[in-house]
Amino acid sequence: MVNPATRSQSEFRPNDWKVIVLAVLLISACGKDHDSKPRDVNSPTVTIDTPTTAATFFTASSPITVAGTASDNRTIASVEWSNAATSDTGTATGTTTWSASVALAPGDNSIRVTATDGAGNMGTASITITLDTAQPMVTIDTPTTSLAYDSPITPLTLGGTAWDDVGLIAVYWSNAATGGTGITSGTTTWSASVDLIVGTNPITVWTNDMVGNTATDAIVVTLCLGTALAWGENGSGQLGDGTVTDSSMPVAATGLTGVLEVAAGNLHAVALLCDGTVWEWGSGSSPPARSSPSLGGRWM
Numbered sequence: 008m009v010n011p012a013t014r015s016q017s018e019f020r021p022n023d024w025k026v027i028v029l030a031v032l033l034i035s036a037c038g039k040d041h042d043s044k045p046r047d048v049n050s051p052t053v054t055i056d057t058p059t060t061a062a063t064f065f066t067a068s069s070p071i072t073v074a075g076t077a078s079d080n081r082t083i084a085s086v087e088w089s090n091a092a093t094s095d096t097g098t099a100t101g102t103t104t105w106s107a108s109v110a111l112a113p114g115d116n117s118i119r120v121t122a123t124d125g126a127g128n129m130g131t132a133s134i135t136i137t138l139d140t141a142q143p144m145v146t147i148d149t150p151t152t153s154l155a156y157d158s159p160i161t162p163l164t165l166g167g168t169a170w171d172d173v174g175l176i177a178v179y180w181s182n183a184a185t186g187g188t189g190i191t192s193g194t195t196t197w198s199a200s201v202d203l204i205v206g207t208n209p210i211t212v213w214t215n216d217m218v219g220n221t222a223t224d225a226i227v228v229t230l231c232l233g234t235a236l237a238w239g240e241n242g243s244g245q246l247g248d249g250t251v252t253d254s255s256m257p258v259a260a261t262g263l264t265g266v267l268e269v270a271a272g273n274l275h276a277v278a279l280l281c282d283g284t285v286w287e288w289g290s291g292s293s294p295p296a297r298s299s300p301s302l303g304g305r306w307m
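Taking this note's numbering, the leading residue of the sequence shown gets 8, the next gets one more, and so forth.
Heads up, a few of these hints could be off.
[Claimed, not checked] Label pairs and their computed distance ranges (CB to CB): (1) Ser106 <-> Asp202: 48 to 56 Å; (2) Met129 <-> Ala225: 53 to 61 Å; (3) Thr149 <-> Ile176: 29 to 37 Å; (4) Trp238 <-> Ala177: 31 to 39 Å.
Hints are computed from structural coordinates only; laboratory data are not their basis.
Ideal Cβ positions, reconstructed from N, Cα and C, are used throughout, including at glycine.
Modelling step: build the complete structure from the supplied sequences, incorporating the hints.
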């Protein structure tokens, strides 16, 4: 058979044209994509909704449920997660609506969720979850580290320290005697001005960390604003005002504040202060008469 390509136009027979057309059609078909759908180049979208939509979250428990949604212009093939803190990975339950139980390490856990569609395109979302299982601490250091304190003034300044391995929200105080509450100035080193009433004031200080763990400290403050007043004969200095002059009007014993109780004899008197000291003045068998209070001892 003669090659049709080398023939002159006059030499072509009718069937030769059919062969040429068929060859052209075959060449065209070989270069054509039989899949009529365009290639999927769109990445899926994945969101984290649980435990929060925020970028960070604090918790005191592990494992924790991480959940959310995923969408794509075609289909979601899988949703997978990884935790950089533990090197754990896993496949979530569900696709368009998914969830996973993720074990946490103490401290920060950087968790990445990856959604993959049928074409292999990927979309990611991330969250940092901090596991805090340590209890915070708070202490009252001012005006004392003791459980009780006698104050001659109000308001009283309380101060101390607080600590947590991750972070504190705030330090708070309350006075059960007045019903007063407040937030201290500062956290790791804190102070507060607390109003008192005469008598006992049970005061509690507490702090919360980022996951709700709580620590407390307490002190009972006794407010003593009393003075010692007396009137009458004063020949032995029994009025305690620093003189031996009689008085028909009440006069205060010199230099005494925070008086809790007073007891008087015929020619002398004693006062118990809220700090536990005992002061005395006037005339007794011993020591000699004094017109001003002097420290006589401490009441236990």
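Here's how the hints hold up against the structure:
For serine 106 paired with aspartate 202, a C-beta distance near 51 Å keeps the hint of 48 to 56 Å intact. The hinted range of 53 to 61 Å is satisfied by methionine 129 and alanine 225, whose Cβ atoms lie roughly 55 Å apart. Taking the beta carbon of each, threonine 149 and isoleucine 176 are about 22 Å apart, not inside 29 to 37 Å as hinted. Between tryptophan 238 and alanine 177 the beta carbon distance is about 52 Å. The supplied range of 31 to 39 Å is therefore violated.
Hint check: violations occur at hints 3 and 4; the rest are consistent with the structure.
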